[in-house]
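> Residue-level listing of the chains:
2 protein chains.
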Amino acid sequence: MSETSQLACVFAPVLTPFRDDYSCNRELFVNFCLWLHAQGVGLAIFGTNSEANSLTLEERLELLGALIEAGVPPSALLPGTGACAMGDSVRLTTAAVKAGCSGVLMLPPFYYKPVSDDGLFAAYSEVIERVGDSRFKMLLYHIPQVSGVPLSLELIGRLVERYPKTVIGMKDSSGDLNNTKSVIERFRGFKVYAGSDALLLATMRYGGAGCISATANVNPAAIVRLRRNWMEEGAEAAQAGLVQIRRIFESFPMIAALKAAAAHYGRTKSFAVVRPPLLRLTEEQRGKLLEALEKSKFAMPELERALAR
Amino acid sequence: MSETSQLACVFAPVLTPFRDDYSCNRELFVNFCLWLHAQGVGLAIFGTNSEANSLTLEERLELLGALIEAGVPPSALLPGTGACAMGDSVRLTTAAVKAGCSGVLMLPPFYYKPVSDDGLFAAYSEVIERVGDSRFKMLLYHIPQVSGVPLSLELIGRLVERYPKTVIGMKDSSGDLNNTKSVIERFRGFKVYAGSDALLLATMRYGGAGCISATANVNPAAIVRLRRNWMEEGAEAAQAGLVQIRRIFESFPMIAALKAAAAHYGRTKSFAVVRPPLLRLTEEQRGKLLEALEKSKFAMPELERALAR
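Listed in order, the protein sequences are those of chains A and B.
Going left to right, the first sequence walks through residues 28 to 336 as our numbering numbers them.
Going left to right, the second sequence walks through residues 28 to 336 as our numbering numbers them.
Any given hint could turn out to be false.
Copies of the same chain look alike in the list, so a pair counts if it fits in one copy or across any two.
[As the list claims (entries may be wrong)] Calculated pairs, BS3-like style, for lysine-lysine (alpha carbon to alpha carbon, straight line, at most 30 Å):
no.	residue 1	residue 2
1	Lys125	Lys192
2	Lys140	Lys315
3	Lys140	Lys208
4	Lys192	Lys296
5	Lys315	Lys296
6	Lys125	Lys315
7	Lys208	Lys315
8	Lys192	Lys208
9	Lys324	Lys296
10	Lys296	Lys140
11	Lys322	Lys125
12	Lys208	Lys296
These are calculated hints, taken from the structure and not from any lab test.
One chain only, chain A, in its complex shape (with noise of 0.2 Å):
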C-alpha cells in the first residue's frame, strides 16, 4: 500500500444531520464535516451510516455541493455513489470526481438477489466507463449482511485486473476477518480498510490500508491515533479502547445512537433526527447510552463549538 495515495487511512461516514422534519441540515451537516476534518480524519460522507440511501440523489449532490463551497477540501472526501439505477450511480460519481474527491466508494447495484459475478462485473465496467475519467479513483463497498450482494474474490479479480487504474481498494463490512485477510493477501497493492475500527489494528497487521468505521463520527482522534501508531507499544491496549467505546454504540440501534451522542455532545437537539424507516432511540435508551458515555470518561472535543459556528 502506497502511503503517497491521497487517500485518508481513517474514514467517517459521516452522520447526515436532519431537522424535525426529516428535511437534511445543510448547515450542520457542513459544520459536522468541518469538525470532523480537524479531528484528522476522512469525510466518508454518503455511507451506510449517513442514510445514505435515505437521501434522493438530489438531496445528495446538493449536500456535496454545500462541502465543496464551504471549503472543505475535496481530497479529504470519499462518497458513496453507488446505487440501484445506474444512471444515478454515473451521476454522483461524476460530480464527485469533477469536485476533485480523492476517490468514490461504490455498492453494488442491491435490489436485485442473488445476481451473477459477470452481472456485477457488467454493472460496475458500465459506471467506470461512463464516467470516464482517469482521475475516478474506486473504493469496493462490500457489505453482503446489508446490501444482500457480496462481492466475491473472483469478481475483485477482475475489476482490478480490467481497471487497475480505478479499482484502488475495499471497504470490507462483513466483519469476516479471514475475508479481509484474503483480499490482501491476493491483491497487492489493494487498498483494504476495515469496516469498523474494532477490527483496525487485526487489518494493519495484515497490510491493510486503515479502516472506515461508523465510530469515527464520535470518536475520530483516537481512531486516528490507533492507526498511526499500531507498529508502537500499547497499541493493543489502544485497540481495546477502541472497542470498549464501540461496544456501547453496539448495544444500541448504531446510527441512532451516534446521532444522539451528536445531539447530546453538540447541544444541537436534532442531530437525534434519523429518516424511517430507521428509529431514533427511545428516551429510555438514551439515558442509558449517555450514561455508559459517561462512565467510560466518553468526549467529543469542541463539537459544540464547531456545531454552532
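For chain A, the structure is supplied; the task is to place chain B on it using the hints.
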C-alpha cells in the same frame, strides 16, 4: 373483495424496453403497454420485472408521462412507487395519483435490514401523509426474497387500521400460500394479489383478488381467462396450462427470458436488452427457450403489429 373497484384483477409487471445503449425505449414501452392493455391486463409498471429500481426517478416519471400522453387510461395503471428514499417515493406516488392511476404498488424502503415494524410503519405513514391525497390507493408489496424486508401481519394490520382508505391490498410475492391465506383471512375486504399466475387459482379459492404476475407480460389473455372463469369447470386444467408456460420461463433468468420472448415474437431485437446487474440470455439459452415455447404452441398474438406502430 369488491368487484366495483377500479383495480384490475390481473396485472402485468410491465417489462421496460431499452435500446442497445441501455437508454429507455419510450415508444416501444408505450406500444407494449397498449398491447398488454388490449389483451385485458392491468399495467403494473415499475415493478421488479420492470427493472424499476434500475431506472432513475426521472426515467420513471418520464415513462409514466409518456403513457398518459399516449392515451393509456390511467385507471389501468398500478405503478410501483416504493423507493429507499422517502422523497423519491413521495414524488413518484404524487405523480401517479395526480395522473389518476387506480393505485400504486409500494415496496418498503429496502436498503436497511433488519428493520422494525415500527420503522416500517413510520416509513409508510410518512409517505401516505406527505402525498396527502384521498384518491391515493396503495397495495403493499411483500417480496422478502428480493427486498430483504418482509411485511409482517402485524405491520399490515397497523397500516390497514390507521389508513383503511389508502392501504387497500397487497401483492404477495413470497410464494408462500400460507402467508397469502393468513392475510386474506385476517383482513376482510383487503385485496390480495398472488405474485405468480401459478398461484392464481389457489389464491382465488382463498378469497384473493387476482394476480400480478411476470408471465402476464407474455401470456396475458390466458391468465385473464382463468381469473374470469376460476369457478367454472376446467379451471384446474387452465391453471395447469399456465403453470406449464411459466415453468419454461422459470427455467431461465426470468426477466431476461421474458424480454427474449417479447423480442422474438415482437420482432424487435433490442427488446432483449436488460440493464446490469441483470444479463440477457446467452444465445444457447435463447435457443432453448424458443424451442420449448414453440413446442408448447406459445404465441404473443398481434405483438409484432403492436410494436411496429
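> Run the structure past the numbered hints and jot down the numbers of the failing ones, going up.
4, 6, 7, 11 and 12
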